[in-house]
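Once you have looked at the hints, place chain B on chain A.
Letter by letter, the chains look like this.
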Amino acid sequence: MNIKITHNWLLDYLDTDATPDQIREYLSLCGPSVENVEKVGDDYVFDIEVISNRIDYASVIGMAQEAQAILPMFGKKAKFRENSLEKYNFKNIVGNKNLCSLQVKIINPTLCSRFTAIVIENVRIGPSPKFISERLVACGIKSINNVVDTSNYLMLALGQPVHTFDYDQIKGATMIMRESKKGEKIITLDKKEVTLPGGDIVMEDGSGRLIDLCGIMGGLNSSINEKTKNVVVFVQTYDKVRIRRTTMATGVRTIASTFFEKGLDPERVEPTLVYGVELLEKYAQGKIASKIYDIYPKKQGKKLLVMSYGLFGKKIGIEIPKKKIVSILTNLGFGVSDGPKQGQTLLEGLTLQVSVPSWRVNDINIPEDIIEEVARVYGYHNIPSKLQPAVYVEQPKEMENLFVFQNRIKTFLKHLGLNEVINYSMISEDQIKEFNLDPKKHLRLSNSLSKDIEYLRMSLLPSLLKNIKENSGKTKYNSAPGLRLFEIAKVYIPVGNKNICSLPQEIYRLGIAVNTDYSDLKGIIEAIYKELNINFEENKNIFPLPEIIEKSGNYMVEVDFQSLIDNCQLVPKYKSLHPYAIIKLDKTFEVRADIKTAPTTYAGIKQKALKSKLLQNIEVVTLYKNKLTLRFYYSSPEKNITEEEAKDALNKV
Amino acid sequence: MDQKKYELEINSAKTLDELSQLEIKYLGRNGQINKLLSEIKNVPNEEKREYGQKVNLLKTEIKKYIEIRKLIVSKEKSEVFFDKTLPGKAYPKGSIHIVSYAIEEITKIFEKIGFIRVSYPEVDWEYGAFESLNMPSGHPARDDVETSFIDVPAHPNLGKMVLTPHTSNGQNREMKRVKTPPIRMINISKCYRPNWDPTHTPMFHQFEGLCVDSDISIVNLRGTLDYFAEKYFGKGTKTRLRPHHFQFTEPSFEVDISCNNCGGIGKYKGEKCRVCKSGWLELGGTGMVHPNVLREGGIDPSANSGWAFGFGIERVIMMKYGLDDIRNYYSGDIRFLEQF
Chain A
1 MNIKITHNWL LDYLDTDATP DQIREYLSLC GPSVENVEKV GDDYVFDIEV ISNRIDYASV
61 IGMAQEAQAI LPMFGKKAKF RENSLEKYNF KNIVGNKNLC SLQVKIINPT LCSRFTAIVI
121 ENVRIGPSPK FISERLVACG IKSINNVVDT SNYLMLALGQ PVHTFDYDQI KGATMIMRES
181 KKGEKIITLD KKEVTLPGGD IVMEDGSGRL IDLCGIMGGL NSSINEKTKN VVVFVQTYDK
241 VRIRRTTMAT GVRTIASTFF EKGLDPERVE PTLVYGVELL EKYAQGKIAS KIYDIYPKKQ
301 GKKLLVMSYG LFGKKIGIEI PKKKIVSILT NLGFGVSDGP KQGQTLLEGL TLQVSVPSWR
361 VNDINIPEDI IEEVARVYGY HNIPSKLQPA VYVEQPKEME NLFVFQNRIK TFLKHLGLNE
421 VINYSMISED QIKEFNLDPK KHLRLSNSLS KDIEYLRMSL LPSLLKNIKE NSGKTKYNSA
481 PGLRLFEIAK VYIPVGNKNI CSLPQEIYRL GIAVNTDYSD LKGIIEAIYK ELNINFEENK
541 NIFPLPEIIE KSGNYMVEVD FQSLIDNCQL VPKYKSLHPY AIIKLDKTFE VRADIKTAPT
601 TYAGIKQKAL KSKLLQNIEV VTLYKNKLTL RFYYSSPEKN ITEEEAKDAL NKV
Chain B
1 MDQKKYELEI NSAKTLDELS QLEIKYLGRN GQINKLLSEI KNVPNEEKRE YGQKVNLLKT
61 EIKKYIEIRK LIVSKEKSEV FFDKTLPGKA YPKGSIHIVS YAIEEITKIF EKIGFIRVSY
121 PEVDWEYGAF ESLNMPSGHP ARDDVETSFI DVPAHPNLGK MVLTPHTSNG QNREMKRVKT
181 PPIRMINISK CYRPNWDPTH TPMFHQFEGL CVDSDISIVN LRGTLDYFAE KYFGKGTKTR
241 LRPHHFQFTE PSFEVDISCN NCGGIGKYKG EKCRVCKSGW LELGGTGMVH PNVLREGGID
301 PSANSGWAFG FGIERVIMMK YGLDDIRNYY SGDIRFLEQF
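Sequence lines, in order, name chains A and B.
Position one of the first sequence corresponds to residue 1 (the UniProt record's numbering), numbered consecutively onward.
Position one of the second sequence corresponds to residue 1 (the UniProt record's numbering), numbered consecutively onward.
If we strip away everything but chain A, and leave its shape as in the complex, we get:
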C-alpha cells in the first residue's frame, strides 16, 4: 500500500530544516520508503510505500514521528511542533451535550475494540476551506464537501479512518453493531449493492436497516448530502481479521479498509474524534449536540520489553553507544529506562526496559524488533561490511553429484550442437493424452492460471515435442540441420492415493528430442554413454540404451538422470598396452528381417563375433542398401596371432 502526504502538511507537525529531497532520501534509507517527491503548487507531495507491519506511519503524524528520529542522524533539525495525540483529548469537548442522543448497542464486543461517536448539530454543508481541499486533491483524494472532507483529512493526518452519518437518517437514533447474516444486502455509498457472506461487521438502525458495512464503506441510506443538518462523527477500531475477510470475500476495498485490516491503535481514536469535532466546528459551523459515546472494553496495558544492551552489539555487529540507543528509541516514541541487572558479566548485566508506544504494540514483540528500530535509524549504511569466518560444511555427495553431472552433460551436449531448453513443469491435459498417458495419474493444480499449465509433468517428452513443433517454422541462425533439443529437469511422480498423499517423488530426467533422424539421436545417446564411460555394450543387461520413441518424424528419448550418475565411471577400465599386432578384416553381410529364420542384424552379428576372445572392436565401414560392411579388429594381449587365426574367428560369424 502507498499513501501520499504533503510537505507543508508535515511541517504543521514537524519543525525541520531538511528540504523535501533530503526528507525523501533520508527517510527512505532509514524508514519509510518515499518513492517520489512531486512539486504541486507551492507544496510537495511525498508518495510513500507503507509496509504491512507499519500502518502506524501511514499518516502525516506518523511520518513526523519517523522524521523526528531519522533526520537528526543526518545532522538535520527535527522536532514535533505540537503532538496532536497529546493535545486532543476528551476533556477538550465542551458544548451542549444533551440535545441529541444515540442508543448504542454492540452485540458482540469482539467486533470492535473501541467504539466512539458524537453528534454535531446544525452543520452548514459547503465547500471545504482551500487548504483542506488542496491537500486532499494533492494526495489523490476527491474533495466533496466540508463534512466528508473532514473525515478524509483526519484519516491522512492521523492515520485513523472516520465515518460521518446523517444523524436524522438513523432511524430511532439507534445504532446496533452486529455480525451480518449470510446473504444480507446493503447498498453502499457508491450506490452498489453488496451481498454479505455472513460474519461481517455491520450496523443497523432502529428500523432494522443496515446503515454501515463497518470499516469498509457506509450505507447510502444514511450518507451525508447537501440537506444534512446533523452529523454523527463515528470513529472506531475493528477486529482486523473480520475486515480483511469481508474485503476479500466481497471484493469491496476502500482506503479505510486497507487501514482497518492491518489493525489500528484504539488510543488514536480519542484524539481523532476530538480533532474532528474541532474541524467541524471551525469549517462547518457545527455545534456539539451529544455526549461522547466511548465503548472501550479492553484498554491495552503498557507493553514492556526488557533486554540487555549487549544484544545490540551482538546482532548488529558493532557497538552502538548507549546514549544513541536511548535517543533513537525516545524519538520514535518509545519509553526507555534502565532495567533490572541480570547476570554477572557486563554484557548481560546492563539491561534496558523499553515501553512500547500504543501505536506499535502490534509490531514490536521481541528484542530483535527493538534491535531493528535502533539499527535502521542508526543507518544500515553506517554498519561495516565483513564476511563471516569461513567454515567447512560438508555437501552431501548425492547433491554434489547431481549438480556436477548436470553441468557436465549440459556442456557436453552443447558441444555436440544441441540446444538446452527449460520448460514449465506444468503441461496440459492434451499434451499428456498425446503420449497416451493418463491425466488422472498426474498431480493437478487446483488454481491453475491456464489449461496449458494444469498438470505437473511425469515425463519431459510432451514439452520437448511441443518445442519441436512450435519451432519448426522458425529460421534459426545456426545452419546445422534440424532441431536438436534437450532438457534436464524434474518429473513429479505422485505418491499415495485419493485419501492420503505424501509429497511426490521428484526425479531428475534427461530428455532429448530431434527432428533429424533415428541414427542422429542414437548417436547422441551413445556419445553421452561414452562420455560417462558407461560400457553399455557389455553391460547390456545392467544399463541398456533407452528406448527411442518416434512421433510424426521426431525422435525422442528420456533417461533417468540418477542412473546415468550411478553407472558413470570417472576413469574407464584400463587395458594394458601390448606390442602384438592387430589384424583388421572386413566382411560384408546382408542384413534382413527374415521372419522364418533368425533375422540378420548388426546386433546379431556382433553377438556372434564377440564369442571370439580375440575380437577387440567392430566398426561399421559402409551400409549400402542392405549390404553391411563391417571391420573386425583381432588381437591378443599375449602373443602375435596369425591372419589365419583371425580369419578362422571371422568365419564363424
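Source of the hints: derived by calculation from the structure; they are not laboratory data.
Given the structure is predicted, the values throughout are model-derived calculations rather than measurements.
Some hints here could point you the wrong way.
Some chain B residues near chain A, calculated using beta-carbon distances under 7 Å [said to hold, decoys possible]:
1) Ile33
2) Ser95
3) Ile116
4) Arg117
5) Ser119
6) Pro156
7) Leu158
8) Met203
9) Leu241
Selected chain B positions facing chain A (Cβ under 10 Å, derived; list incomplete) [what the hints assert, rightly or not]:
10) Lys190
11) Glu254
12) Arg335
Glycine included, C-beta positions come from ideal geometry on N, C-alpha and C.
Relative to the frame of chain A, chain B by itself:
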C-alpha cells in the same frame, strides 16, 4: 643446334599441350634429335663416336628441360587463389540455457566462501512454505505470496500441498538436516506463483542463501552481499540495505545494488540514467533469521543467529545482461535459446 633457342622455346611454353608439341618437335620419331642421329651416316668415321655422344647429351638435356618445365607448368596450373579469410571447418555450436549459466556462476561464487548448494523439494506442504517460516495459517502475509495449490487432500498436520512460491522452504529443511550449526547453504530451485504477464512467468528461479552460526551479525550479511555483488555484477558494485518487513526475518531489509550503467549516481552523460533512474537497482529481500524460524528448525536462537536472503535468478540476469523479456526464457523459442 642452338642451345639458347630450344631453352627459350621450352621455358616460354605455358601449357602442357605446348610442351608435348615441343616434345614431338625435338624428341619425336621425326623430331630434330632423330634427324640429327640419322645424319650420322654423313659424319666421318673417326668423328662418329663423338657426334653420337653429343646428340645423346643434347637429347638428355632437352628431356630434362621439358620435364622441369612440365612440373612448373602443372604446378602453376594447380595454384588457384586460396582465400584465407574464409571461415574454418564448421563445428556444431549448441547452447546452454541462460538460467543454467547463471545458476552455475552463482553456485561457484558462493562455493568459494564455503556455501554448499543443496536440493530440496519443489512440491511441499504449506508447513514448509509458510508455517516453518513464521507465517502461521491465516496470517495476512500469506496473501502477499500468491501460491499454486495441488489438488490433493491436505495433510492433517502440514496443511495443503503447494508448489513452492519461494526457495525459503529450504531453510527449515537444511536446519533439520544439519542439526547443529554452522550452516552455509545456497539453495537454487524452480519456484511457482500464479502470475503470468509481461513481467511474470508462472515458473521462475530463486537462489536462497542461509548462514547460521554462533555469532552472525548484520555486518556479516553486508559482507556477503558486497562480496556477491562485486563477483557477479563486477568490481566496484556497491550494495545498500533499506528497511523492510518479512515474516521470516527480523530485522528485514531490501537490498539494492549500485547501477553499473551510471556508476550509482543516477545520471548518465548529463541525463537521468535510463537503467536505474536513481542510481540503485532493487535486488531482493533479506534479513536476519527470525528467532521463531531458528526454533522451528530445531536451533537455539539464544546461542545462534543467522542471515538469509532470497533473490530471483531471472532478475539478476536481467540486471546483468539486460535480457528483459522474461517470457522468452521459457517459451522454448530456438531463436532465443541458440544465442547462448
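Hint-by-hint comparison with the structure:
Interface restraint check: Ile33 (chain B) against chain A, minimum CB-CB distance 51 Å, threshold 7 Å, status violated. The criterion of a C-beta within 7 Å of any C-beta in chain A is met by Ser95 (chain B), whose closest approach is roughly 5 Å, and the hint holds. Checking Ile116 (chain B) against chain A by beta carbon gives a least distance of about 4 Å; that is within 7 Å, so the hint holds. Interface restraint check: Arg117 (chain B) against chain A, minimum CB-CB distance 6 Å, threshold 7 Å, status holds.
Interface hint at Ser119 (chain B): satisfied, since its Cβ lies 5 Å from the closest Cβ of chain A, which is below the 7 Å cut-off. Below 7 Å, beta-carbon pairs count as interface contacts, and Pro156 (chain B) has none with chain A, the closest being about 9 Å; its hint is therefore violated. The interface hint given for Leu158 (chain B) is violated, since its Cβ lies 9 Å from the closest Cβ of chain A, which is over the 7 Å cut-off. Against a cut-off of 7 Å between C-beta atoms, the interface hint on Met203 (chain B) holds, since the closest Cβ of chain A lies about 5 Å away.
Interface hint status for Leu241 (chain B): upheld, as the beta-carbon distance to the closest one in chain A is roughly 4 Å, under 7 Å. A distance limit of 10 Å between C-beta atoms decides the matter here; for Lys190 (chain B) the minimum to chain A is near 6 Å, and the interface restraint holds. Taking 10 Å as the C-beta contact cut-off toward chain A, the hint placing Glu254 (chain B) at the interface holds, the least distance being around 8 Å. Interface hint status for Arg335 (chain B): upheld, as the beta-carbon distance to the closest one in chain A is roughly 6 Å, under 10 Å.
The structure is inconsistent with the numbered hints 1, 6 and 7, although it conforms to all the rest.
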